[in-house]
Amino acid sequence: MKKRTKKLLFNWRIILLILFLVGSIATLALKPLTFGIDISGGVALVAQTEHPVDSDTMQLVVDSLQKRLNTLGVRDITIEAQGNQIVLVKVANVSTEEQANQIKAVIENQGVFYMEFNGEIFGTGKDVEYVGIYQIKSDNSWAVPFRISKAAAEKFAKLAEGKPGWPVDMFLDPPVNSLMVVPDNIYRLMNSTEFNAQAPNAPTLLERITKAFNITVVTYANQSAEEIAKLAQGKDKIVLINVPQELQTELENMNLTVRYIPGEPGVSDRQIIIKALGLYGPYSLGEGLASGQPQQDVQITGSAPDRLTAEREASTIYTVLKSGSLPVKLNVVGMEFISPRLGENFKTQALYAGLAALMTVLIIIYYHYRNWKIAIPVASTSLFEVIIILGFAALINWNLDLPSIAGIIAAIGTGVDQQVVITDELLSGERSERITRRASVLKRMGRAFFVIFASAATTIAAMSFLLVYFVGTLKGFAFTTILGVLIGILITRPAYAEIAKYLLGED
Amino acid sequence: MSKPKIKEKPTASDAVRARKRKSLSFLAQMEYRKMILYPLVVFLVALIILAVHFPRLGIDLRGGVVVTAYGVSANPDQLAKDLSGKLGVEVRVESFTGVDNKGVRIYAPVGTDPTGIIRIMKEMYPDAEYTHSEVQPTFGEISQKQGLRAVALAFVAMAVVVFLFFRDPVPSMTIIFSALSDMTIALALMGLFGIELTTATIAALLMLIGYTVDSNILLTTKLLKRKEDTVDKAYLSAVSTGFTMSTTTLGALLVLWIISTSQTIDNIAIVLIFGLLADFMNTWVLNAGVLKWYISKNPRGGSA
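Taken in order, these protein sequences are the chains called A and B. Going by numbering that gives the first Met the number 0, the residue at position 484 of the first sequence is 483; the numbering climbs one at a time, nothing skipped. Going by numbering that gives the first Met the number 0, the residue at position 260 of the second sequence is 259; the numbering climbs one at a time, nothing skipped.
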């Protein structure tokens, strides 16, 4: 081996590059890359909390969502809180849009859970300590056993003493502190014994929700929007049920929060009430629980006309209980579903596009210099850069999504640019220019690296803002760009400079 | 390829280099007033275009529903008419083709149920592959605000670093203005060519910061710090490097744009192409013009 070649191979910059390359290839072989939903397929959901929350509350939201999705048997979930209002949920391996929509429904139905008896709230989702597997009997009756906290059990025992057959209500996201405007028939139904289980003398549903949740229910009698707004003073929101829909627009124009529930053919008044209140139940209080003795192990039972309905009712209650309570309501504000088959297409396509771009770089660089000794090192340095970026991504389990790939492209683009700067600086000392005072190679490399460091510094400065406090997809872009630039200035560019010096006989 | 001989000093053939420099020498001969004036005119035109025709916001910034069907070839207008009739809402249909795939994108207003659209589509095209996304306007607003803030902050960060590196107001301001003009022109071209402003294209605009700074720093360094050459020679050597840089990147982006059928990658590639074309002008004409003028006022003497 020639002395020069040896010197090149033992240069620490070259050794560093080789070490990183080998390390990256080994990492990639042992730990395959993980891809984002937009490439591998799956569903990505963006949920927004009803109002901004602090970081502790946000953590509760994330934990609770995780629990509920796990309960559903969904795998490969990542849940990430971003800022004080956004939760990003990504679920891989979702193959149909029906499944995707089911996950969306689960997140949106995720709510604040209350247990109420006789107008008193005796427990919330926090008080549910354990939920057992639900059972369905051959007569299509079902039961969901669960355990409530000691405090809740004691409170309940006191409330329920001597009241067998009374209604126990469970609510998921009831419209707390609101004004409900309903047609007369619905008002009468709420104020009847319809929701009283086996206790006609218990307070009506209307009385119970008024006391427990500060919900005021009024009958619609052609009131104007102004009159309704006046009634709703001090309330958080207005729930309109089957009244003229213009009222919704008019009230919203007054900056009030309005929920509108239309009456639909085939939907009974009872169903509308249940939907508007998020009511589960009412369940009839069993004899055993009316004894005044606190009991933590309780169960909810019900019956359905057929097995499928029974299954659905039981599993709903099961999930509601199991997932605990959310401290704040979530709305799905964005959703993206990519089928896995398409994702596979994207992956091969990204690979081809990348290789083709690399070939193009090779050919164009050759065209400019008419010299393979420049074109091949430039193109292969770019390839090495990609390998190292990917190796690093695999190592830290970074999910490669399309914006991350765009970031890699950006890094490669600047990488090629900077290699051209190095090459031209090296070549600038040649024949035709020799008349002028020839700067030493060192000086010229110093100049090239000034340009490289200045542009790397600006890129990193610009991108770090994105990385630190932005939500959504731009994060992946910023991450790979910064990673690429760092790998470039620390590993590949110095090595390329050595190789170029060697090949161009300038050392 | 012949075996490389190490002793011999292999470099780009002089003929090639000479030809490139000759073809670029018209730039070197340009008078600096014109070099400053022309790009400013282009910048103003871009501003006017933006004022009358700002790029449309994509659904991720505005809210809405989009269903993509792969493996469908259909007349978009006819399909839009059919779907609008069946759904009762106005939809817009776009067709696209890639190397190995073609399909349609269906845009529907906020609140439309995407599964409804897919159900109707599946009746007509059972073998197609579907994806869908929907964004609520509230989230679109958040993304808009963040995108705007991202661009503004990245820009400011870039400006600060450029100032720190050059500590000289005129060249620094020119670099910053070049970046601004690159982004403005790219945005104006997006408007003209109907490319939507999305989080992905915002990312592309941010990427332009990196590319702009590269070439501008190269030029500024060569003209201000390289004292052994004449201004014209330094400029010519910088512009020839710059030409190599831009054509290489443009080539790679063009290939990316042709091969990919992912809308995200396509849009990023095309916005970068717009920006790089603008950058070529802004660096090698505008910035060079300003620097030539600056050097003629402040001859490069002892300190740079």
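Hints are computed from structural coordinates only; laboratory data are not their basis. C-beta: ideal position from N, C-alpha, C; glycine also. Accuracy of the hints is not assured; some may be wrong.
As the list claims (entries may be wrong) - Covered stretches of chain B (in silico footprint by chain A; criterion: 3 or more residues with CB under 8 Å from a CB of chain A, positions within the stretch not fixed):
no., segment
1, 24 to 36
2, 206 to 219
3, 235 to 242
4, 249 to 257
Q: Of all the hints given earlier, name the ones this structure violates by number, lowest first.
A: The structure conflicts with hint 1 only, although it agrees with all the remaining ones.
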